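Novice: One letter stands for each residue in the lines below.
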Amino acid sequence: QQKVQQSPESLTVSEGAMASLNCTFSDGTSNNFRWYRQHSAKGLEVLVSIFSDGEKEEGRFTAHLNRANLHVSLHIREPQPSDSAVYLCAVSDDTNAYKVIFGKGTHLHVLP
Amino acid sequence: EAAVTQSPRNKVAVTGGKVTLSCNQTNNHNNMYWYRQDTGHGLRLIHYSYGAGSTEKGDIPDGYKASRPSQENFSLILELATPSQTSVYFCASGGGRTYEQYFGPGTRLTVL
Chain A
78 QQKVQQSPES
88 LTVSEGAMAS
98 LNCTFSDGTS
108 NNFRWYRQHS
118 AKGLEVLVSI
128 FSDGEKEEGR
138 FTAHLNRANL
148 HVSLHIREPQ
158 PSDSAVYLCA
168 VSDDTNAYKV
178 IFGKGTHLHV
188 LP
Chain B
13 EAAVTQSPRN
23 KVAVTGGKVT
33 LSCNQTNNHN
43 NMYWYRQDTG
53 HGLRLIHYSY
63 GAGSTEKGDI
73 PDGYKASRPS
83 QENFSLILEL
93 ATPSQTSVYF
103 CASGGGRTYE
113 QYFGPGTRLT
123 VL
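These protein sequence lines map, in sequence, to chains A and B.
Every position in the first sequence, counted from 1, becomes a number in this note's numbering once 77 is added.
Every position in the second sequence, counted from 1, becomes a number in this note's numbering once 12 is added.
These aren't lab readings, by the way, just hints derived from the structure by calculation.
Quantities reported herein were computed from a predicted structural model and do not represent experimental measurements.
Treat the hints loosely; a few may be bogus.
Claimed, not checked - Straight-line alpha carbon distances no greater than 30 Å define the calculated DSBU-like cross-link-like pairs of lysine-lysine that follow:
| hint | chain 1 | residue 1 | chain 2 | residue 2 |
| --- | --- | --- | --- | --- |
| 1 | A | Lys-80 | A | Lys-119 |
| 2 | B | Lys-77 | A | Lys-133 |
| 3 | A | Lys-176 | A | Lys-80 |
| 4 | B | Lys-30 | A | Lys-80 |
| 5 | B | Lys-23 | A | Lys-133 |
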């Protein structure tokens with residue numbers, strides 16, 4: 078069964094510095110990867126989806142996927158205090174799109 | 013604006029009581045999901061549905077039933093609520109080629 082792990086559990090950065098979050102998965106045949114953001118006690122909003130190796134940019138959010146290394150990362154350019162939230166990695170594949178495995182999240186704190 | 017809404021947003025129930033959590037989506041998605049989110053476990057899938065009239069078991073269905081009477085509505089039912097079901101519950105809808113999921117704001121359930 079697919080296992081998804083995120084690191085670090087918690088990350089503190091200063092406003093304007095790059096924030097980098099990591100996600101590793103166990104099954105390299107997956108082809109659907111998403112990063113979600115969850116502000117405290119609120120729903121999840123999708124930030125970026127990536128389906129093939131390489132890079133995908135959505136505004137200040139860039140995902141990098143390397144399936145051979147079982148790794149997908151999220152880089153946040155010029156983070157702001159309003160970006161302080163929990164970031165969740167989600168992995169699935171087209172053969173069973175109902176089965177989305179979520180990581181436990183990285184708590185990001187952006188200091189002004 | 014397409015959206016997923018949940019009601020109630022907060023609920024306090026007594027052990028042994030019946031609880032119904034409701035979800036409505038205006039995304040016209042075929043698929044709908046119920047998750048619970050607990051510290052240390054992340055998001056876990058309880059039930060999901062392919063469309064009106066269908067319900068399927070997710071990873072942790074014990075103690076929960078689901079109902080999908082229409083494309084727009086998906087309910088989660090706790091026939092005999094227990095304190096272990098105290099959690100935050102999220103509904104999501106999904107569809108399209110990439111099966112992206114859109115989440116509601118969550119329901120905080122406390123079972124005393």
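Novice: Now, for every hint given, state plainly whether the structure supports it.
Specialist: Hints, verified against the model:
The straight-line distance between the Cα atoms of A:Lys-80 and A:Lys-119 is roughly 25 Å, inside the 30 Å bound, and the hint therefore holds. As the CA atoms of B:Lys-77 and A:Lys-133 are separated by approximately 39 Å, the hinted pair breaks the 30 Å bound. For the given pair, A:Lys-176 sits about 12 Å from A:Lys-80 by alpha-carbon distance, which is consistent with the 30 Å threshold. In summary, the hint linking B:Lys-30 to A:Lys-80 is not supported, as the alpha carbons are separated by about 34 Å, beyond the 30 Å threshold.
For the given pair, B:Lys-23 sits about 40 Å from A:Lys-133 by alpha-carbon distance, which is inconsistent with the 30 Å threshold.
Hint violations for this structure: numbers 2, 4 and 5, all remaining hints satisfied.
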